[in-house]
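Enquirer: Chain residues, written in single-letter form:
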Amino acid sequence: MNLSILKADKKNLNTFITIGSVLIFIGLIDIILSSFLSTNITAFLPDKISYLTPLLFGLFGLYLIRIEFSGNKLLDKVNTNFNSSNFNALLTLLVIFALIKYIPPLLNWFVFDANFAGNTKEDCTGDGACWVFVKVWLNRFVYGLYPDTEQWRINTAFLTLFLLVGASFFVPQRYKKYIIIFLLFVYPIIGLKLISGGDFGLKYVETGAWGGLSLTFIVSAFALILCFPIGTILALGRRSKLPAIRYTSIGFIELWRGVPLITVLFMSAVMFPMFLPDGTYVDKLIRVLIAITLFEAAYMAEVVRGGLQALPKGQYEAAKSLGMGYWKMHFLIILPQALKLVIPGIANTFLALVKDTPLIFVVGLLELAGMVNLAKTNPKWLGMAMEGYVFAGLVFWVICYVMSRYSQNLEKKLKTER
Amino acid sequence: MNFKNLKLNLSNKNKDLIPQILTVLFLILVVIYFTINAQSNMGNRGISFGFGFLSQESSFDITFSLIDYDGSHTYARAFLVGLLNTILVSAIGIFFATILGVTIGIARLSQNYLVAKSAEWYVEIFRNIPLILQIFFWYFAALRALPLTVDSINFYDISFLNVKGWYVPKFVWTNFSIFIYSIIFAFILIYFLAKYAQNQRDKFGKQIPTLYISILLIIGLPFLTFLIGGVSLSFEIPELTQLSKTVYVYRGGVSIIPELISLALALSMYTATFIAENVRAGILGVSKGQKEAAASIGLTKGQILKLVVMPQALRIIIPPTTNQYLNLTKNSSLAAAIAYPDIVLVFAGTALMQTGRAIEIISITMLTYLSLSLSISVFMNWYNKKMAIKEK
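In order, the protein sequence lines correspond to chains Z and A. What the first sequence shows, in the numbering used here, is residues 1 to 418, in sequence order. What the second sequence shows, in the numbering used here, is residues 1001 to 1392, in sequence order.
If we strip away everything but chain A, and leave its shape as in the complex, we get:
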């Protein structure tokens, strides 16, 4: 028996090595096989592997772009346009999904039976319908039912909604940079204020109303720049212009294309259901004893929520919600289905069709998503660590 064990120990090293070597060998063989095939295939089609095409003229147009772009720009710029559009719709989606999700999550815990039930049904309905169908629904069915440009839905004469999109006033700034600086300055002040307040609280037990001062700062400082900094803001309101007898368009202002509206709507309504469940689980996860203990030492209801329940609930809520943000960003690629010019449509669609460089373009697209996912998860991990229990 002893002898047998000894033998086993001696061969342990080999036993560990062989499967590893086999795995690596297998990987290398697969890569070599794919490379040889890819080379011969590309040779047959007369293209060679490389990223030189990125600096070539793209010669296609993109319907919606945050930066200056037309057909004379390069493929690299087209890629950037797509990437920015992806980030834009993800950011909008995350913003609204969070607001809606938190509201519904709290509503599900409401004492009010009707409110709790409605929230529950919202979650059940929107979670169980495929996202792509929801996008199709908003884009092809709901938004197509909007009126034509001539009879747009009018919001107080400044904003117009019609089948071509949503026209909102454009902000025209003078000395915009001063305004931005003032906001940054306000944030720096708030940071120091928070440190000072904590210091005072730890040392002397003095409570400083940080929140109110912060709100005052963040509104007051930018407002001051209007009075003395030479900043001014005017609005360019979209106007109905007649092109020909029956053709009307809105000129000026900012037009939000229906693709963006339906995508953002569907993404945020779908993801909100998952965030709502996270929020509910987080709040339920804080044990009742915590609230009772807090109440018994005389904290007010607001203080209990702010100082006892929320810090603990956030710890439960944040990790799965990070996942939802990641999912939303990845799901924004469904844009390709309704021709919203995101990175998949612009790059993996149009650019690939024109250049035929499948390997390079798909790799770049996938790498972009990978790095987007990784950066969000790195940021959220950092935040999560900050919120985690610091055990002494």
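Here chain Z stands alone, though its shape is the one from the complex:
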């Protein structure tokens, strides 16, 4: 039997494309009709065959239009990208069918059947998501239990931060480092004072009331700023020639890297107070910050060590031959180069840090995910778990996706410079 009759070539191309497209079209119509109007145009066939008809039609159609080189740009593109073999054609069809089947219901849930208007759960009458829940709780999701009248303080703190960061991109190079020094060493204290209050006529807000998305940012920003110097010192210590320092650093790094963050947080919650003189009370948030900082410092140390190892030996030797001591050599020659090398690694550590912040629920601090947990157990809003988690997931996703894109771009930029 000669199957080559069924193979498209340049002579009978038009016929084959017509027949093939019609077959693919029938397959698509079949799947669309069955998933939207729930009518089955091939119902006269036995159950299992009728189920597979769109696939069979599509496969045969794609087989007919498959040709090595047709000269038609569109057709060639389709063939190389979607239809290079029977297996690829099958995968293409499966992906398309899955999209047709699952995207519309998802969209319906998200947008078309969703409820946006109203203020109570009873306003949610449609089948879709009840975004009223998110709308009503949005304030809590962002600010936690922070008193409504004082929320301008958080806004001011973050707005100033964004302005300062933005300004650091535009001011001349000369002033840039002052802004950065201010941002790293002075601003955190001012910001913290502004949010916690207690002086200057600001009402004191205890850390238990902090929460929501703003707490996520506060915790990750502070942990990042603090873990950076500790991590650098640890990395230097791990590469030190002095055995006592080297082994202390290795032990410290491996200890933190070997245990999960949740046990570290448990430790800060229940074990740490036992090690302090009786009666000393360290604020919950500060304990958490110390725990997360030490934990992330160990990871940061490994990142920085990677940069130190990547530097050619000549850099060390050149610095030494200029008569520089250990600290001078590292701060003026080695670290500036090494840190530049590992900027993407630092960004990834920060990303991991942001994704780890929800764990502070262990000590009773509620950031975004924790607030969703709290909100969904509110008797007036039972059964809203899906909306809450989808919302929190979206927020985290946007933050992390933007950051990871930024770090990838940075990586590319640094690569071309070298």
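Keep in mind that the hints were calculated from the coordinates and are not lab data. Here the structure is a predicted model, which is why all the values come from computation and not from measurement. A few of these clues could be false.
[Stated by the list, open to error] Once the Cα atoms are required to be at most 30 Å apart in a straight line, the calculated DSBU-like pairs of lysine-lysine come out as: (1) A:1301 <-> Z:77; (2) Z:77 <-> A:1015; (3) Z:313 <-> A:1301; (4) Z:241 <-> A:1301; (5) Z:176 <-> Z:328; (6) A:1015 <-> Z:73.
[What the hints assert, rightly or not] Coverage of chain A stretches by chain Z, computed from C-beta distances (three or more under 8 Å per stretch; other residues unrestricted): (7) 1084-1097; (8) 1125-1133; (9) 1227-1235; (10) 1281-1289; (11) 1344-1352; (12) 1365-1374.
Glycine included, C-beta positions come from ideal geometry on N, C-alpha and C.
Start from chain Z and add chain A according to the hints.
Expert: Frame of chain Z, contents of chain A only:
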């Protein structure tokens, strides 16, 4: 100038010693300070440091246990239950994360635009959402939407899925040990077969189809035990029983609790994204010249993949994937958030609450994780060394 250098050399020894002594001294001081505080604190609360509590009766129950356990057992046994549960969920997670990760990693390199894009979006979506949120999502939102026990989703009348968990048939074996022995025996045979095949190949250039013979052995030998070894297998299928007018439960079979399902799902889907990236990087890391060279000496496509690409790609893939396995094991501690009775929940949670022995319990928990991490990394280092380039 010379004189100055000489002086520097002479004092070098001291220069090295002083920071070291200071470091050690600082460490010792911190430890002493913490010990004194801990002692006085424990004295105030009327407890003394020690691990004697481990042999006391625990008197709390655990919802899910692989071994026999109830409240009359000791804390040590409760610890073991937690540890086994941690290992169970990590093993399940690693298994599925590897399968899913490799599939997606390969799919990202597919020529098929749609497949590559879908794989890419899978990675982008699941990598950038915190794991704890994914666990919450599956447990509190997705699995809670399952039907009640009465209207369970029915898989061919042998397996049932409902809001209380997933009920699967239980394997009831007779002479199970013979079955296990046959599998071990098959592995030993395969080991010798592989050695023999290599020998033949090195000496005479003869190719022996090791893979097919191995598959035959590993299926055939256990199958033989069914025919002649007196091994038999039957299934205990879960059955719906009515307790009262409205209360139904499934009796018999094995019930997989929703906590375990959601934890394993979230862990494997999250970790799979990282493994997929490793796999992609590994395959891309094998230079094109290698494949072309292999093709030019006449190897088939399958041979190229098996003999040239994979051995080199695995070398790139394994070290970062080890890290992912370690991360997955450590991340399984998030179980505490949805009350899956892993070591953190059972031991650092319930047991700590009952005994108040914070220092001992947290230390044991952390040490356990440390040793779990270390054992996985030792094993993977061994494997990595085996796969590494052996330069002559």
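Enquirer: Each of the hints needs a verdict: does it hold here or not?
Expert: Structure-based check of all given hints:
no.	hint	in the structure
1	A:1301 <-> Z:77	holds (24 Å)
2	Z:77 <-> A:1015	violated (69 Å)
3	Z:313 <-> A:1301	violated (43 Å)
4	Z:241 <-> A:1301	violated (50 Å)
5	Z:176 <-> Z:328	holds (23 Å)
6	A:1015 <-> Z:73	violated (74 Å)
7	1084-1097	violated (count 0)
8	1125-1133	holds (count 8)
9	1227-1235	violated (count 0)
10	1281-1289	violated (count 0)
11	1344-1352	holds (count 3)
12	1365-1374	holds (count 6)
Hints 2, 3, 4, 6, 7, 9, 10, counting from the list given before, are not met by this structure.
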